[in-house]
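Engineer: Listed below, chain by chain, are the residues.
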Amino acid sequence: MTTTKSKVVYSPVFTDGAEFRIPTFKLLKQDGKLYKSAKAPDLDKDKALRIYRAMVTTRILDERMLAAQRQGRLSFYMQCTGEEAAVIGSAAALDDGDMIMAQYREQGALAYRGFSIDEFMNQLFGNELDYGKGRQMPVHYGSKKLNYMTISSPLATQIPQATGYAYGQKMAGGGHCTITYFGEGAASEGDFHAALNMAAVHRVPVIFLCRNNGYAISTPAAEQFAADGVAPRAYGYKMDVIRVDGNDILAMYQATQEARKLAVEHNRPVLIEAMSYRLAAHSSSDDPSGYRSKDEEAVWREKDPILRMRLWLESKKWWSEDDEKQLQETMRREVLETMKRAQKRPPPALDTLVTDVYDEVPPHLAEQFEKVKAHIRKYPDEYPKSAEHAKGGA
Amino acid sequence: MTKMNMLQAINSALDTAMAENDKVLCFGEDVGVFGGVFRATSNLQQKYGKDRCFNTPLVEQGIVGFANGLAAQGSVPVAEIQFADYIFPAFDQIVNESAKFRYRSGNLFDVGGLTIRAPYGGGIAGGLYHSQSPEAYFAHTPGLKIVVPRNPHQAKGLLLGAIHDPNPTLFFEPKRLYRASVGEVPDEDYRLPLGEAEVIKEGTDITVLGWGAQMEVIDQAVERAEKDGISCEVIDLRTILPWDVETVANSVLKTGRLVVTHEAPLTGGFAGEIAATIQDRCFLYLESPIARVTGIDTPFPLVLEKEHLPNALKVYEAIKSSVEF
Ligand SMILES: Cc1ncc(C[n+]2csc(CCOP(=O)(O)OP(=O)(O)O)c2C)c(N)n1
Numbered sequence: 001m002t003t004t005k006s007k008v009v010y011s012p013v014f015t016d017g018a019e020f021r022i023p024t025f026k027l028l029k030q031d032g033k034l035y036k037s038a039k040a041p042d043l044d045k046d047k048a049l050r051i052y053r054a055m056v057t058t059r060i061l062d063e064r065m066l067a068a069q070r071q072g073r074l075s076f077y078m079q080c081t082g083e084e085a086a087v088i089g090s091a092a093a094l095d096d097g098d099m100i101m102a103q104y105r106e107q108g109a110l111a112y113r114g115f116s117i118d119e120f121m122n123q124l125f126g127n128e129l130d131y132g133k134g135r136q137m138p139v140h141y142g143s144k145k146l147n148y149m150t151i152s153s154p155l156a157t158q159i160p161q162a163t164g165y166a167y168g169q170k171m172a173g174g175g176h177c178t179i180t181y182f183g184e185g186a187a188s189e190g191d192f193h194a195a196l197n198m199a200a201v202h203r204v205p206v207i208f209l210c211r212n213n214g215y216a217i218s219t220p221a222a223e224q225f226a227a228d229g230v231a232p233r234a235y236g237y238k239m240d241v242i243r244v245d246g247n248d249i250l251a252m253y254q255a256t257q258e259a260r261k262l263a264v265e266h267n268r269p270v271l272i273e274a275m276s277y278r279l280a281a282h283s284s285s286d287d288p289s290g291y292r293s294k295d296e297e298a299v300w301r302e303k304d305p306i307l308r309m310r311l312w313l314e315s316k317k318w319w320s321e322d323d324e325k326q327l328q329e330t331m332r333r334e335v336l337e338t339m340k341r342a343q344k345r346p347p348p349a350l351d352t353l354v355t356d357v358y359d360e361v362p363p364h365l366a367e368q369f370e371k372v373k374a375h376i377r378k379y380p381d382e383y384p385k386s387a388e389h390a391k392g393g394a
Numbered sequence: 001m002t003k004m005n006m007l008q009a010i011n012s013a014l015d016t017a018m019a020e021n022d023k024v025l026c027f028g029e030d031v032g033v034f035g036g037v038f039r040a041t042s043n044l045q046q047k048y049g050k051d052r053c054f055n056t057p058l059v060e061q062g063i064v065g066f067a068n069g070l071a072a073q074g075s076v077p078v079a080e081i082q083f084a085d086y087i088f089p090a091f092d093q094i095v096n097e098s099a100k101f102r103y104r105s106g107n108l109f110d111v112g113g114l115t116i117r118a119p120y121g122g123g124i125a126g127g128l129y130h131s132q133s134p135e136a137y138f139a140h141t142p143g144l145k146i147v148v149p150r151n152p153h154q155a156k157g158l159l160l161g162a163i164h165d166p167n168p169t170l171f172f173e174p175k176r177l178y179r180a181s182v183g184e185v186p187d188e189d190y191r192l193p194l195g196e197a198e199v200i201k202e203g204t205d206i207t208v209l210g211w212g213a214q215m216e217v218i219d220q221a222v223e224r225a226e227k228d229g230i231s232c233e234v235i236d237l238r239t240i241l242p243w244d245v246e247t248v249a250n251s252v253l254k255t256g257r258l259v260v261t262h263e264a265p266l267t268g269g270f271a272g273e274i275a276a277t278i279q280d281r282c283f284l285y286l287e288s289p290i291a292r293v294t295g296i297d298t299p300f301p302l303v304l305e306k307e308h309l310p311n312a313l314k315v316y317e318a319i320k321s322s323v324e325f
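Which chain is which? The protein sequence lines are A and F, in order.
For the first sequence, UniProt numbering begins at 1 and goes up steadily by one.
For the second sequence, UniProt numbering begins at 1 and goes up steadily by one.
A few of these clues could be false.
As the list claims (entries may be wrong) - Quick list of simulated restraints, FRET-style, between CB atoms:
no.: 1; chain 1: F; residue 1: Glu202; chain 2: A; residue 2: Lys340; range: 36 to 42 Å
no.: 2; chain 1: A; residue 1: Lys378; chain 2: F; residue 2: Gln279; range: 44 to 50 Å
no.: 3; chain 1: A; residue 1: Lys378; chain 2: F; residue 2: Lys201; range: 53 to 59 Å
no.: 4; chain 1: F; residue 1: Asp92; chain 2: A; residue 2: Thr24; range: 36 to 42 Å
no.: 5; chain 1: A; residue 1: Leu336; chain 2: F; residue 2: Tyr190; range: 40 to 46 Å
no.: 6; chain 1: A; residue 1: Pro384; chain 2: F; residue 2: Pro142; range: 42 to 48 Å
no.: 7; chain 1: A; residue 1: Ala387; chain 2: F; residue 2: Pro142; range: 42 to 48 Å
no.: 8; chain 1: F; residue 1: Thr267; chain 2: A; residue 2: Glu19; range: 53 to 59 Å
no.: 9; chain 1: A; residue 1: Asp118; chain 2: F; residue 2: Pro289; range: 47 to 53 Å
no.: 10; chain 1: F; residue 1: Lys201; chain 2: A; residue 2: Glu367; range: 31 to 37 Å
no.: 11; chain 1: F; residue 1: Pro242; chain 2: A; residue 2: Asp16; range: 46 to 52 Å
no.: 12; chain 1: A; residue 1: Ala227; chain 2: F; residue 2: Arg104; range: 53 to 59 Å
To be verified - With a straight-line Cα cutoff of 30 Å, these simulated DSS-like cross-link-like pairs (lysine-lysine) come out:
no.: 13; chain 1: F; residue 1: Lys306; chain 2: A; residue 2: Lys378
no.: 14; chain 1: A; residue 1: Lys391; chain 2: A; residue 2: Lys26
no.: 15; chain 1: A; residue 1: Lys39; chain 2: A; residue 2: Lys29
no.: 16; chain 1: A; residue 1: Lys385; chain 2: F; residue 2: Lys50
no.: 17; chain 1: A; residue 1: Lys29; chain 2: A; residue 2: Lys294
no.: 18; chain 1: A; residue 1: Lys378; chain 2: F; residue 2: Lys320
no.: 19; chain 1: A; residue 1: Lys391; chain 2: F; residue 2: Lys314
no.: 20; chain 1: A; residue 1: Lys378; chain 2: A; residue 2: Lys47
no.: 21; chain 1: A; residue 1: Lys261; chain 2: A; residue 2: Lys294
no.: 22; chain 1: A; residue 1: Lys294; chain 2: F; residue 2: Lys47
no.: 23; chain 1: F; residue 1: Lys201; chain 2: A; residue 2: Lys378
no.: 24; chain 1: F; residue 1: Lys320; chain 2: A; residue 2: Lys391
no.: 25; chain 1: F; residue 1: Lys306; chain 2: A; residue 2: Lys391
no.: 26; chain 1: A; residue 1: Lys371; chain 2: F; residue 2: Lys100
no.: 27; chain 1: F; residue 1: Lys306; chain 2: A; residue 2: Lys340
no.: 28; chain 1: F; residue 1: Lys227; chain 2: A; residue 2: Lys144
no.: 29; chain 1: F; residue 1: Lys23; chain 2: A; residue 2: Lys385
no.: 30; chain 1: F; residue 1: Lys47; chain 2: A; residue 2: Lys371
no.: 31; chain 1: A; residue 1: Lys294; chain 2: A; residue 2: Lys344
no.: 32; chain 1: F; residue 1: Lys201; chain 2: A; residue 2: Lys385
no.: 33; chain 1: A; residue 1: Lys294; chain 2: F; residue 2: Lys227
Keep in mind the hints are simulated off the structure, nothing from the lab.
Cβ atoms here follow ideal geometry from the backbone N, Cα and C, with glycine treated the same way.
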């Protein structure tokens, strides 16, 4: 039996789906005013300011840490400059108990949830306080407390996991959903397609949030797909979809709020495509001048999502020049001070080399570890970071 | 001859192959106008056009599946996987498809033209997802060839060897040496044979065997051991599958001792295969147990990378204890 109920025609009719044009949802203009027929979502002053602070914090952290990378203090860094509204606007529309499964460029969601600057720094410097115990590259954050799944570098692997996690949430009695973030590049991976299909078939409360920022490293979106972005793929799976101006904090917030309702109250998975632009380089190892023009970047710099929100806040008299100055100053100071602290802290203990591979260290690994320690004891000067820790043992 | 680093040598090999045969195509993530994230494919799109050197969408299973189809058609695809750590989404296409095309069709079809290049290995502060050495997973799969060069001269010669070999070949490039290793490389086409190890240095007391980036580590270890009066024979395996048992066994018959080193974890690592085969061939000649110096059985760490990696000191220690056994 087939589940397709289609109309019959008697001459061959091909279609490429071009008739489906997905509209873009926008509320806020760059000058901070609403579009004529637009109505702002229900967002009170406290929440609006929490969002704005997270955006500014993220921007300052990104600028400062890229500079730190350039100074050789940090091995690697990835910014989310230009995409703050897409990430923070969506994260703010969730319940703090909802799960976030991110790709890697979503530090804004963590900042919004309350990850402290100290916590960011400890991960970036891989010191003894890093929750990930210095095992992953900088920006691979995770927080159990804040329901933020630790980042994994292989792209798109989190997307079907989000479907599974959310199915578990539904089975556990509902009330919560999972949001998963990914780039338009990662949406090419097989995992993306598997995730959407399973979510639609099993009616899973999951929100798929594609940050379409125009580039996957050097590859422009036009070389990533022939279709009108990522959004139309939802049709193929019979899933609700919305395309949003990703630099518009109000639109991102409202769209995600409604998506969450569909997911949690009706078990309908939703795809959101946030249209934005990766203003920064892909990472500190990348140089975008090799593949795109300064003019192109300039056009998007004009659409800065943070400035857009600030102008809106000012129009509501919720924010002033002085507030801005004060926030900038305190954040900059905090970032610098915490960076110094984090950098001075010792690295994770030597036994983190073998812990967490399994629930307990199995005998073969314990034996290998004893050998490593004996070797370090013999050549302590060669292993200054761990010589002290190697002292104990057989 | 031109002085080149390993990336330039790889680029020169691709350029040579593309100039000679317009069936040769290069593709992968960011491979086109940008020349790949490491720049191994620089200028090839400008030179040979977008039809022969191009960016693919970001999907490794697609890249290798597409390459399998192309190779079956008679083209000569050289697909790039951006990091060897990201070859696993393509695992099925490689181990079930590339490797078995010829066998399952009774040689009606094959993907012999296929070469897959991927940067592998640690020492670049990459943590657990930018440092893996996955050769052993593939070495368990009959039908593939696996090649690892150690310097620019080897990289060009072996890559051209792989491209012209009538079997699907994985070419793992030691990314730690991409810019660090520099040497004279012929400008013209030359091909080094697959399946042949190279005895780099002759010696009488012990055989020290490795591949790729470990060869540099071995050099340093051996230099130190020779100061202690130990004469080392050094072999670069170059091809992991099928590997050159003859050359290694002959060396061990002479020296009576063997140290094998690789970055991948110990358990199930390719050194285990070598140790088993060599003790089978050379049992009565061995004067000490075959030693393995490898990464430990954990994922690849970041901060404690040095403690994890098999370095020159660890290889030197293994040489010493073998000789003093
Ligand atoms: C499976 C896999 N393949 C390749 C990579 C290397 N890589 C890291 S980021 C990236 C580009 C991702 O682009 P996109 O998903 O659009 O996200 P953006 O960086 O634009 O935020 C690539 C190719 C990877 N991490 N994982």
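Engineer: The structure should be examined with respect to each hint, and the outcome stated for every one.
Structural biologist: Taking the hints in turn, this is what the structure says about them:
no.	hint	result
1	Glu202/F - Lys340/A: 36 to 42 Å	54 Å, violated
2	Lys378/A - Gln279/F: 44 to 50 Å	28 Å, violated
3	Lys378/A - Lys201/F: 53 to 59 Å	26 Å, violated
4	Asp92/F - Thr24/A: 36 to 42 Å	37 Å, holds
5	Leu336/A - Tyr190/F: 40 to 46 Å	55 Å, violated
6	Pro384/A - Pro142/F: 42 to 48 Å	46 Å, holds
7	Ala387/A - Pro142/F: 42 to 48 Å	45 Å, holds
8	Thr267/F - Glu19/A: 53 to 59 Å	57 Å, holds
9	Asp118/A - Pro289/F: 47 to 53 Å	49 Å, holds
10	Lys201/F - Glu367/A: 31 to 37 Å	32 Å, holds
11	Pro242/F - Asp16/A: 46 to 52 Å	47 Å, holds
12	Ala227/A - Arg104/F: 53 to 59 Å	35 Å, violated
13	Lys306/F - Lys378/A	15 Å, holds
14	Lys391/A - Lys26/A	61 Å, violated
15	Lys39/A - Lys29/A	12 Å, holds
16	Lys385/A - Lys50/F	49 Å, violated
17	Lys29/A - Lys294/A	23 Å, holds
18	Lys378/A - Lys320/F	14 Å, holds
19	Lys391/A - Lys314/F	18 Å, holds
20	Lys378/A - Lys47/A	57 Å, violated
21	Lys261/A - Lys294/A	40 Å, violated
22	Lys294/A - Lys47/F	25 Å, holds
23	Lys201/F - Lys378/A	29 Å, holds
24	Lys320/F - Lys391/A	23 Å, holds
25	Lys306/F - Lys391/A	17 Å, holds
26	Lys371/A - Lys100/F	41 Å, violated
27	Lys306/F - Lys340/A	24 Å, holds
28	Lys227/F - Lys144/A	53 Å, violated
29	Lys23/F - Lys385/A	52 Å, violated
30	Lys47/F - Lys371/A	52 Å, violated
31	Lys294/A - Lys344/A	38 Å, violated
32	Lys201/F - Lys385/A	35 Å, violated
33	Lys294/A - Lys227/F	57 Å, violated
In the structure shown, a violation is registered for the earlier hints numbered 1, 2, 3, 5, 12, 14, 16, 20, 21, 26, 28, 29, 30, 31, 32 and 33, in ascending order.
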